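Q: Chain by chain, the residues run as shown.
There are 2 protein chains.
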Amino acid sequence: MTLGRLNHVGVATPSIERSIAMYRDLLGATVIGAPFDLPAQGVRVCFIDTPNTQVELIEPYDDASPIAGYLKKNPAGGQHHVCFEVADIDAAVADLQAKGATVLGEPRIGAHGTPIVFVHPKDFGGVLVELMETPTGEGH
Amino acid sequence: MTLGRLNHVGVATPSIERSIAMYRDLLGATVIGAPFDLPAQGVRVCFIDTPNTQVELIEPYDDASPIAGYLKKNPAGGQHHVCFEVADIDAAVADLQAKGATVLGEPRIGAHGTPIVFVHPKDFGGVLVELMETPTGEGH
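Taken in sequence, the protein lines are chains A and B.
Take the first sequence: its position 11, counting from 1, is numbered 11 in UniProt numbering, and each next residue is one higher.
Take the second sequence: its position 26, counting from 1, is numbered 26 in UniProt numbering, and each next residue is one higher.
There may be inaccurate statements among the hints.
Copies of the same chain look alike in the list, so a pair counts if it fits in one copy or across any two.
[What the hints assert, rightly or not] BS3-like, lysine-lysine: derived pairs with alpha carbons at most 30 angstroms apart:
hint, residue 1, residue 2
1, K72, K99
2, K99, K122
3, K72, K122
4, K73, K122
Hint data in this document are derived by calculation from the structure and do not stem from the laboratory.
None of the values given here were measured: they were computed from a predicted structure.
Just chain A, same shape as in the assembly (with noise of 0.2 angstroms):
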C-alpha cells in the first residue's frame, strides 16, 4: 500500500449548524456542501472543502451513535479521525493485517460512495485512521 491523499479530517460536533458557522464566518469556508444523514453507520455529516481536501464534520444520528461517546468525553467536540485514500481497500485490509494492525469491521460503503474501513487507534499512535477507496468522478 502507498500512502494516498489526504481524503478528509473527520471533526465530531455537538452541532453541524453551528460548526458550519465557525468554519464559514471566522475562516472564510465558501465551499460547504449540504448536511446528510448516514443512518448506517450512526451519523450525520458534512463535508467542507478547502482548496486541496475536506473537512468532515460529524454530528450524531442518535443516542447509539458511534461518535456519542467520542462527544461524552469531549462535550465542545473536537479531532476525531484522519482518512487516506487507498487505491483498493480489500488489499489495504489484507495488507495490514498481515503486519498485525487491527481493522475495525468489515469496509462498508462511505460518505463518498467507495468502501471505507477504519483502524484501531493503538495501532496508529492514538490517530484513529480511516482508510477510504479512492473516490472517482469527485473532480479532485
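Model the placement of chain B on the given structure of chain A, informed by the hints.
A: Below, chain B alone, put in the same frame as chain A:
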C-alpha cells in the same frame, strides 16, 4: 479571510522515530522529511508528505514543551491540531480578534519558515487551529 489549503495535520507522539515507522511500514508513506528541532517552540517535528498535504509529527523537545501536557493526557499520542494556510497572518489575526476569537500569542515563525499563530480550541468546537502564512517555494 478565505479558508486556504490544509497545510498539515499535527499529530503529537512520544516518539517521532516510532511514528515514522508506523506511517512507513503500515500506510506506505514514502516521502518522509528529516526530523528537526524547534527549540523556541519546545518541539521536535517531522513532516510526512501525502500527495496533497502533510502530517506533522510533533514530539516534546523538553519537559517544558507545550505538548508535554497533551501527552500526559494521551500517552500514546494523537491528533493535536489542524493547520490552514492564510495569505496574510496579520490580517487573519486582526479579523479573528474583531470577531471575538482568542488568538494565542503573537505570530511567530513556524516549521515552514513563515509566521504562524494558534487559535484557542474553544473558538473552533474543540479543535486547535493553527494558521500559517502560505509558504512560498515549497512546490505545493
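Q: Now, for every hint given, state plainly whether the structure supports it.
A: Going through the hints against the structure:
1. K72 x K99: between (33 angstroms within a copy, 28 angstroms between copies)
2. K99 x K122: within (14 angstroms within a copy, 39 angstroms between copies)
3. K72 x K122: Result: close both inside a copy and across copies, 20 angstroms intra and 16 angstroms inter.
4. K73 x K122: The answer is both: 18 angstroms in one copy and 15 angstroms across copies each meet 30 angstroms.
This entry satisfies every hint, going by the numbered hints stated previously.
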